[in-house]
Structures are given as structure tokens and as C-alpha cells.
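Protein chains in written order, with the working numbering: chain A, 15 to 367; chain B, 15 to 367; chain C, 15 to 367.
Everything labelled a hint here was simulated from the structure, so no lab data went into it.
Just so you know, even glycine gets a beta-carbon here, dropped at the ideal spot from N, CA and C.
A few of these clues could be false.
Said to hold, decoys possible - Covered stretches of chain C (chain A as the covering partner; in silico rule of three or more C-beta atoms under 8 Å from a C-beta of chain A): (1) 102-114; (2) 308-315.
What the hints assert, rightly or not - Here are some chain C residues pointing at chain A (derived, C-beta under 7 Å): (3) Trp127; (4) Val199; (5) Ser280; (6) Lys282; (7) Pro320.
Stated by the list, open to error - Partial pick of chain A residues on the chain B-facing surface, computed with a CB cut under 7 Å: (8) Ser129; (9) His131; (10) Ala208; (11) Ile215; (12) Val302; (13) Gln322; (14) Arg349; (15) Lys351; (16) Glu364.
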Amino acid sequence: MTTTSTRLGELVDRFGGQLIGSPDITVIGIAPLSDADHHSITFLSNSKLRHQASSTRAAALILTESDYAQVSQDYAGACIIAPNPYVYFARAAQYFASLVAIPPALGIHPTAWVSPHAVVAATASIGPHVSIDAEAVVGEDVVIKAGTVIGRGVSIGDNTLLHGNVSVYDHCIIGAQCIIHSGAVIGADGFGFANERGQWIKIPQTGRVVIGDRVEIGANTSIDRGALADTVIENGVILDNQIQIGHNCHIGENTAMAGCVGVAGSAKIGKNCTFGGAAMVLGHLTIVDNVHISSASMVSRSILEPGQYTGFYPLAKNADWEKSAAIVRNLSGLREKIRQLEKTIKTLTEKSS
Amino acid sequence: MTTTSTRLGELVDRFGGQLIGSPDITVIGIAPLSDADHHSITFLSNSKLRHQASSTRAAALILTESDYAQVSQDYAGACIIAPNPYVYFARAAQYFASLVAIPPALGIHPTAWVSPHAVVAATASIGPHVSIDAEAVVGEDVVIKAGTVIGRGVSIGDNTLLHGNVSVYDHCIIGAQCIIHSGAVIGADGFGFANERGQWIKIPQTGRVVIGDRVEIGANTSIDRGALADTVIENGVILDNQIQIGHNCHIGENTAMAGCVGVAGSAKIGKNCTFGGAAMVLGHLTIVDNVHISSASMVSRSILEPGQYTGFYPLAKNADWEKSAAIVRNLSGLREKIRQLEKTIKTLTEKSS
Amino acid sequence: MTTTSTRLGELVDRFGGQLIGSPDITVIGIAPLSDADHHSITFLSNSKLRHQASSTRAAALILTESDYAQVSQDYAGACIIAPNPYVYFARAAQYFASLVAIPPALGIHPTAWVSPHAVVAATASIGPHVSIDAEAVVGEDVVIKAGTVIGRGVSIGDNTLLHGNVSVYDHCIIGAQCIIHSGAVIGADGFGFANERGQWIKIPQTGRVVIGDRVEIGANTSIDRGALADTVIENGVILDNQIQIGHNCHIGENTAMAGCVGVAGSAKIGKNCTFGGAAMVLGHLTIVDNVHISSASMVSRSILEPGQYTGFYPLAKNADWEKSAAIVRNLSGLREKIRQLEKTIKTLTEKSS
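Based on the provided sequences and hints, a complete structural model is requested.
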């Protein structure tokens with residue numbers, strides 16, 4: 015992979031921060047403290063690693079003002095002082111990645127199929143074997159990679175990137191600056207059926223999925239369309255891989271979900287929430303803003319107070335688990351024993367007094 | 015989206031029910047009580063919402079005879095009396111959806127690849143970039159959307175719909191009137207290996223997946239082929255998204271599974287069962303008819319009696335969970351304390367008597 | 015399906031073992047004890063089934079020396095004595111499957127798109143609608159089925175099989191003799207973001223996925239690329255369907271994971287481990303060699319000692335679970351009661367002595 019060197023002055027011009035040292039020092043990439051060599055800039059995002067920062071061989075160090083006060087006692091190299099070094103790292107890494115990125119081929123690949131009734135911006139890049147159905151609208155600088163299927167009437171905002179083999183069903187709306195990974199399915203039917211003497215009668219799912227701007231959707235994640243109203247994913251939401259979002263869910267701005275999370279239909283989830291991997295949410299619940307659900311935890315009731323919530327069985331050696339699980343199976347027996355003891359002791363106490 | 019109006023008389027002709035009011039009242043859609051306006055018909059499927067029904071602005075109301083007796087005291091609009099208003103809603107909604115549906119383009123899209131040794135009905139619709147391998151048989155009125163891959167010798171029954179980017183492996187059988195959503199994988203190899211001094215030796219998976227009629231399979235769901243015999247999904251089964259069905263499973267008629275359920279190999283599941291989201295079933299188990307497994311519950315033994323079964327750790331604020339989890343880790347210590355207490359009290363009681 | 019008969023002598027020549035009986039006995043397949051007829055060879059891999067083996071109608075029986083000593087008292091048919099009959103079964107079944115396998119069409123299908131800057135071996139088979147981007151290298155005897163997308167600079171080792179609709183992102187490395195099932199996504203971005211006042215800033219994921227030889231990856235499984243370094247899957251690893259492997263994970267040789275497992279980022283997992291279905295592993299953990307995690311168990315801390323570990327809530331009838339869950343929610347109350355009892359009894363005991 016080619017790399018291109020950058021001056022520290024260029025970084026500060028782009029991303030701010032106070033430069034201590036020469037703006038003409040050049041770096042060819044950004045690396046964590048543990049890996050950085052003298053060609054790289056590195057960053058200190060965790061004050062506990064100050065000693066590591068002091069002895070870094072990196073060409074420069076991004077750190078907070080308070081860490082600088084400490085680290086600069088032992089370290090005389092170049093620094094960029096910034097309020098959030100980890101965010102600075104993210105932006106600088108994006109910049110370094112952009113320097114070596116290969117621009118996508120503009121236009122429609124000869125093996126793609128685009129309906130004559132679709133509208134594709136001239137600046138979009140449509141890869142091999144892509145299908146774009148009638149009335150779809152594909153915005154400026156959109157990139158759609160090989161094998162992705164865009165349904166009828168879909169709208170895709172500017173600068174959005176769809177990787178290969180994504181499926182977007184009819185009439186779904188995807189905002190600008192989104193990234194959707196391979197295998198993701200946007201807008202499949204929600205799981206809605208009426209039961210008539212045992213047999214399931216399908217309820218047509220006529221809502222859409224409406225996705226805001228700056229949303230990232232992971233590989234093999236599914237977001238179902240609404241039954242009548244829409245399923246809504248607000249701006250800035252990030253979803254990892256293998257996630258399932260049921261019909262008519264509403265996920266608030268900047269909420270983040272790690273891999274394998276499942277959310278049943280009609281759940282209403284607030285802003286700035288986080289869900290650990292494989293957390294599960296039942297349907298028709300409300301979760302307010304700033305709720306944090308631990309991994310592998312099952313949310314079976316609405317959560318109306320911000321905070322961290324957890325519910326998974328603690329791991330143990332199998333033999334120990336066997337014992338504790340046997341007791342859990344009969345916890346009411348244990349409680350009954352305690353009640354009996356309390357009674358007996360009451361009698362004894364009365365006797366003895 | 016265009017809509018088309020329908021007379022109440024037309025609905026009753028199609029779906030039965032007793033009409034109270036003029037058959038010439040027209041409606042353009044069906045909506046839940048909370049959303050219905052005077053262009054829509056609505057339905058009362060939950061008697062607790064009778065007061066909402068009485069004051070509906072909808073053009074007509076579907077409800078049961080007993081609800082009609084109550085609601086008609088305050089409500090003078092048109093009604094359709096039917097034994098199961100929710101089922102009536104499902105059928106009417108299907109009908110309204112059919113009025114605005116755009117019929118699929120008949121025939122084979124020029125970018126599709128169909129083996130000269132496959133048989134595709136003239137009424138089928140084969141979308142862009144579809145592949146259909148030799149000896150496959152595609153029935154009447156089948157719709158296969160863009161990018162779907164049909165293996166050698168696959169059979170697809172009449173009126174079945176496969177959305178885009180579905181994968182069906184060689185020799186699998188799919189019945190009539192099924193719907194299979196994008197990203198679903200039917201017939202991948204089961205997870206069968208012998209272990210030779212640490213190394214895994216693959217056991218070829220030579221069975222098929224055999225799917226009945228009226229089965230719906232959700233997005234990114236996987237159903238593995240059998241090792242020697244077949245994996246069988248009976249008529250009327252409905253599977254939501256992100257489900258994993260292991261090799262040689264047998265799932266009985268009309269059983270329903272919500273998203274993220276996992277079923278290990280050779281499980282035998284009865285008819286009319288339901289599985290909540292992320293329920294897990296170990297392999298080689300038997301579950302009889304009419305068993306209902308709650309979400310996030312792990313079935314580790316056969317279930318031979320119908321009923322509702324549950325097993326997940328209750329959610330709590332993280333600090334409370336930390337406390338309870340610490341006790342769960344040492345439940346046998348707690349039980350031992352109780353035993354000691356019982357002993358001591360026995361001694362005390364004997365002394366005091 | 016055609017089958018082809020084989021002499022027992024041929025099997026012993028290929029796979030070893032001591033033949034008792036005529037090498038000219040012919041069989042047309044291998045089947046488990048319960049299904050084998052007189053055209054098949056069968057195997058005894060579980061000594062508890064000796065009685066079934068003694069009365070088998072199969073043409074021949076594969077079994078261990080010690081089982082032979084017992085079974086041969088009642089059974090006079092042909093035998094192959096081998097140290098691991100189940101492994102022998104696997105190899106023989108592979109051989110029987112190879113006899114009826116239809117060889118893939120060599121060369122590049124006319125509907126595939128292969129970049130002029132990719133290198134594809136002449137012995138490879140590239141299916142319909144496959145895309146292979148620039149600088150990709152596809153080895154000898156590789157089979158890539160319909161709709162699969164191979165990114166820029168990807169390398170695929172000899173004899174590897176990719177089923178349809180697989181997605182491999184740029185620069186990932188796949189070893190030799192691997193099998194990757196439909197819907198698998200190799201190399202999507204890891205879930206790495208910095209948080210700036212609520213908004214998520216993407217950290218570019220510039221590492222790769224590096225997969226060794228003889229790895230099998232199930233349907234709809236996702237393996238994310240590393241953030242800076244690589245995600246590594248060592249030789250002989252087997253992953254079932256619907257698995258999620260986060261960025262920068264390292265999975266040791268011959269480790270096996272059943273369906274729906276999730277592994278968060280930067281977990282380091284040893285060799286020869288097994289994970290039951292839906293087991294979950296938090297990020298940045300270390301799990302040593304020979305650790306076995308039960309299904310539906312959550313690994314929230316490093317495991318530094320080999321053994322079997324479990325942690326799931328035991329299933330119960332819903333009413334019983336309701337009771338036990340209520341007590342679990344208030345276990346510290348229960349413990350407090352026990353403390354009170356202990357105190358009271360101490361007082362009583364002191365009084366009475």
C-alpha cells in the first residue's frame with residue numbers, strides 16, 4: 015500500500031490543536047502508542063499510559079493539555095495538544111486513509127443494470143452486477159459496490175457508500191454520508207401475521223425503512239420495513255454486524271449497537287444509548303435517552319431512567335455452574351427454608367425470653 | 015403510492031362477515047384504530063380498546079359480535095361483524111396491497127443467467143443477475159428478484175417469491191406460496207466434522223433442505239442441509255430474520271420463530287410452537303407440539319409437555335446485577351449457610367425442649 | 015443421484031485399517047448404524063451401540079479393535095478395524111461423495127466480471143455474475159460460485175471453495191483448501207468509533223482479515239477486518255453459520271464455533287477451543303488453548319485455565335421461572351435475611367449455653 019507523508023502543520027491546519035514543535039516534521043501515518051515508530055504520529059487517550067507516552071519513539075504525540083503538563087517533563091519531542099486525542103486520532107487516521115485511497119471508478123459499470131426510470135447522479139460509482147430498479151434516486155458521489163440490489167423507488171443520499179451484496183427493498187430511504195456493509199438487508203418485511211386456527215395469515219408490510227444521515231450499518235444486519243408506518247433510524251446511529259431491527263422500531267440519534275443485538279418490533283429507543291453485543295430488546299418497549307445495556311442482556315420491560323443495565327448469568331466452571339443452576343431452579347425452596355428458620359427462631363426467641 | 019377505493023360490499027363478498035350499513039360505502043385502505051381516518055376501514059381486535067372504537071372517525075369498523083353489542087351503543091357508523099377481526103384485517107390489508115402492487119415483469123431478465131438444462135415456467139419472473147443452474151425447476155408465477163442464486167436441481171413451487179440476493183444450494187426443495195427474504199441461505203453444509211488428533215475432518219453433507227408450502231423465511235436466515243437425511247421445514251412455518259437452523263432439524267407445521275433464534279442440529283420441533291427472539295435450542299432434542307419458548311431462553315433438554323417455558327437472567331441496574339451475580343456465583347455457599355443454620359437450630363430446639 | 019460402488023479393498027488401500035473379510039465385497043455408500051442396508055458400509059463410533067452393530071444388515075462394519083473383540087462374538091460379517099471409526103466414516107463419506115460429484119466448469123463464466131488486473135489460475139472455476147477486482151489473485155482449482163464478490167488485492171489459496179453470494183473485501187487473504195459459505199462477509203469494517211460530544215467519528219479500519227488453510231466459514235458469518243493490525247483466523251478453524259468475529263480477533267488453530275457465536279473485538283482465543291451455539295465473548299479478552307464454552311454462555315473475563323465453562327439461566331416452566339427470577343432480582347435481600355438469622359441464632363446460642 016502506498017503512503018504519503020504529511021507535515022504536522024498540515025494536520026493542525028485541518029484538525030486544530032496546539033502544535034509544540036516544528037510544523038515541518040513529516041509523518042506517514044498514525045499508530046497506537048504500542049506500535050508507533052519514528053515515521054508515525056501517535057496519541058495518548060488514556061492517562062494511565064503516560065509513562066509509555068514519555069518514552070515513545072514516535073515523531074509526534076497527540077495528547078490533552080493536562081497530560082502534556084506531565085509527559086513533557088520527560089519527553090521533548092513534538093506534540094499536538096487537543097481536547098480529545100482519540101477523536102483527533104480518528105480524524106487524522108481518516109485523513110491518512112484518504113491519501114492512499116483509490117478513487118472509485120465513476121459511472122455505471124457495463125455489467126450493472128440500471129432501470130431507465132431510475133435517476134443516478136453522474137458522480138456516482140455503480141459497480142459490477144449492481145441492479146437499480148425504477149424510480150430509484152442515487153445521489154452525488156454515492157458508491158455502490160458489486161452485486162448490490164436497489165429496489166424500486168429507493169432514495170440514496172449524497173456520499174453514501176453501499177458495499178457489495180447489500181439488498182435495499184422498494185421505497186426505502188437512506189440518508190447522506192451513510193456506510194452500509196455487505197450482506198445488510200434494508201426493508202425486508204416485518205414479522206407480522208394473524209393466527210387463524212393455527213395457520214399464519216400474512217399482514218402486508220407497507221411501511222418503509224427511513225435512515226438518516228451519517229448512519230453506519232454492519233455486515234449481515236437486517237432492518238425490517240414498517241407494517242403501516244415506517245421503521246426509523248435517526249442520524250448518526252451506528253449498528254455493528256448481525257443485528258436484527260424489527261418493524262416499526264425507532265432508534266434515536268447517535269445510538270450505538272454492537273454485534274448480534276436483536277430489537278423486536280415497535281421498540282422505541284432513545285438517543286445516545288449503547289447496546290453491548292447480543293443484547294436483546296423485546297417489542298413495544300420504550301427506552302429513554304442515555305441508557306446503556308450490557309452485552310448478552312435481555313430487556314424485557316421499558317427503561318425510563320438513564321443508566322447502565324445488565325442481566326446475564328455469570329460464567330463459571332461447568333461443575334460450579336451445574337451446582338448454582340440446580341439451586342436457581344429451586345430458589346423458592348431455598349426461600350421457604352429461610353421462612354421456616356425465621357419461624358422456628360421466633361418461637362425459640364419467645365421461649366427463651 | 016396509488017390507492018384504489020373499494021366498497022364495503024366488495025370486502026364482505028371476498029372475506030365474509032356481516033355488514034351493518036351500506037355496501038356502497040367506499041374505503042381506500044385499512045388502518046389501526048389510532049391512525050384511521052374517514053377514508054379507511056379499521057378494526058377492533060382487543061376488547062380493551064372499545065372506547066377508542068366507539069369514537070373512531072373511520073368509515074367502517076370490523077369487530078366481533080360481542081364487541082358490536084357494546085360498541086354499537088355509542089357508535090352508529092358502518093360495521094363488519096367477523097369472528098376474528100385481526101385475521102380480517104390481515105386479509106383486507108392483503109387485498110388493499112394487491113390493488114396497488116406493480117406486477118413483476120414476466121420472463122427472464124436479459125442479465126439473468128439460466129442454464130439451458132433448467133426449466134423455468136413461462137409465467138415466472140426472473141430478475142437481473144439471477145443465476146439458475148442446471149436441472150432446476152421453477153414453477154408457475156414464481157418471482158425471483160435480482161442477484162438470487164439457484165443451485166443445481168433445486169425445485170421451486172408455484173407462486174413462491176424469492177427476494178434479491180437469496181442463495182439456494184443444490185437439490186433443495188422449496189414449496190408453493192413461500193416467501194424468502196434477501197440474504198437467506200438455504201442448504202449450506204451442516205456443521206459436521208470428526209476430530210482426528212485435534213484436526214477437524216469434514217463430513218460431507220449430502221442431505222437436502224425440504225421446505226413445505228406457505229413458508230416464510232426472513233432476511234439473513236440460514237437453514238443447513240442435512241448430513242445424510244434431509245432438514246425439513248413443514249407447511250406454514252414462519253421464520254423471522256437472522257435465524258440459524260442446523261442440519262437435520264425437523265420443524266413442524268405452523269411453528270413460528272422470531273428473530274435471532276438458533277436451533278442446533280437434529281432438533282425435532284413440533285407443530286404450532288412459538289419461539290421468542292434469540293431463543294436457543296440445543297441439538298438432538300425433541301420439543302412437542304404447542305410449546306412456547308420465551309425470548310432469550312436456552313432450551314437444553316427435550317420438552318415433552320406443552321406450555322410456556324422461560325429462562326433468562328432478569329435485567330437490573332448494573333450495580334444491582336453485580337450484587338445478585340456475585341451471590342449467584344456462590345449460591346452453594348448460601349445454601350450451606352442455611353444448612354448450618356438448620357443444624358444449629360435443631361440443637362437449640364432440642365436443648366430448649 | 016448416481017452412485018458408484020467401491021470395493022472394501024479400495025477403502026483400506028486409501029484410508030488404512032485392518033480388513034476382516036473379502037476385499038472384493040462392494041458397497042455403494044456409508045450410512046449410520048440405524049440406516050445402513052446391505053449395500054452400505056456402516057460404523058460403530060460409540061461402544062454403547064455394540065448390540066446394534068452386532069445385528070447390522072450392512073455389508074461391512076468399521077469399528078475399533080476393542081469393539082471388534084466384543085462385537086465379533088455375535089457378528090460374522092466383514093469389518094474394517096480402525097482406531098477412530100468416526101474419522102474413518104468422515105473420510106470414506108468424502109470419498110463416496112467425490113465419486114458422484116459433478117466437476118465444476120473450468121474457466122470464467124461469460125457473465126462474470128474479472129478485472130484485467132486480477133490473476134485467476136486457469137484451473138479455477140468462476141461462476142455467473144462473480145466480480146473479481148484488480149490485483150486479486152485466485153489460486154489453482156479454486157471454485158467461486160455465482161454472485162460472489164472478490165475485492166481488490168484479495169488472495170485466495172489453491173483448492174478453496176467460495177459458495178454463491180459471498181463478499182470478500184479488499185486485501186483480505188484466504189488460505190488453501192478453505193470452504194466459505196453463502197452470505198459470509200470477510201473483511202467488513204470493524205466497529206471502531208471515537209465519540210465527540212455524542213457524535214461517532216469513524217476510525218478507518220485499515221487492517222485485513224488473514225485466514226489460514228483448511229478453514230470453513232458458515233453461511234451469513236461475518237469476520238471484520240482489523241483496525242490497524244489484522245484479524246487472524248489460524249489453520250483448521252471451523253466456524254458455523256451466523257457468527258460474528260470482531261476486528262483484531264485472533265482465533266487459534268483448530269478452534270470450533272457453533273452457530274450464532276459472537277466474539278467482540280481484539281479477543282485472543284487459543285487453539286483447540288470449542289464454543290457452543292450463541293456463546294458470546296467480550297472484547298480484549300484472552301482465552302487459552304483447550305477451553306470449551308457451553309452454548310448461550312457469556313464470557314466476560316479472560317479464561318486462563320483449560321476446561322469447560324458455562325453460564326446460562328436454566329429453563330423452567332414460565333410460572334416457575336417467574337418465581338425464581340423474582341428471587342434472583344432480590345438475592346441480596348435473601349442473603350441479608352440469612353445474616354440476620356445467623357446473628358439471632360448466635361445470641362440465642364450464647365444465651366442458652
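Hint check:
By the rule of at least three residues with a Cβ nearer than 8 Å to a Cβ of chain A, the coverage given for the region 102-114 of chain C is violated, with 0 such residues. Check on the region 308-315 of chain C: 6 of its residues sit with their Cβ under 8 Å from a Cβ of chain A, so the three-residue criterion for coverage holds. Residue-level restraint check for tryptophan 127 of chain C holds (minimum Cβ-Cβ distance to chain A is 4 Å; threshold 7 Å). At a threshold of 7 Å, the smallest CB-CB gap from valine 199 of chain C to chain A is about 4 Å, leaving the interface hint in force.
Hint status for serine 280 of chain C relative to chain A: violated, with the closest Cβ pair at about 11 Å, above 7 Å. Proximity of lysine 282 of chain C to chain A is violated relative to the hint, the smallest CB-CB distance being about 14 Å (cut-off 7 Å). Interface hint at proline 320 of chain C: violated, since its Cβ lies 11 Å from the closest Cβ of chain A, which is beyond the 7 Å cut-off. Interface restraint check: serine 129 of chain A against chain B, minimum CB-CB distance 9 Å, threshold 7 Å, status violated.
About 11 Å separates the beta-carbon of histidine 131 of chain A from the nearest beta-carbon of chain B, more than 7 Å, and the hint is not met. Checking alanine 208 of chain A against chain B by beta carbon gives a least distance of about 4 Å; that is within 7 Å, so the hint holds. Among the interface hints, the one on isoleucine 215 of chain A holds; its C-beta lies about 4 Å from the nearest C-beta in chain B, closer than the 7 Å criterion. Taking 7 Å as the C-beta cut-off, the interface hint given for valine 302 of chain A is violated, the closest approach to chain B being about 14 Å.
Proximity of glutamine 322 of chain A to chain B holds as hinted, the smallest CB-CB distance being about 4 Å (cut-off 7 Å). Hint status for arginine 349 of chain A relative to chain B: violated, with the closest Cβ pair at about 10 Å, above 7 Å. The beta carbon of lysine 351 of chain A is positioned within 7 Å of a beta carbon in chain B (closest approach about 5 Å), and the interface hint is therefore held. Because the beta carbon of glutamate 364 of chain A sits about 11 Å from the nearest beta carbon in chain B, more than 7 Å, this interface hint is broken.
Of the numbered hints stated above, those contradicted by the structure are hints 1, 5, 6, 7, 8, 9, 12, 14, 16, listed in ascending order.
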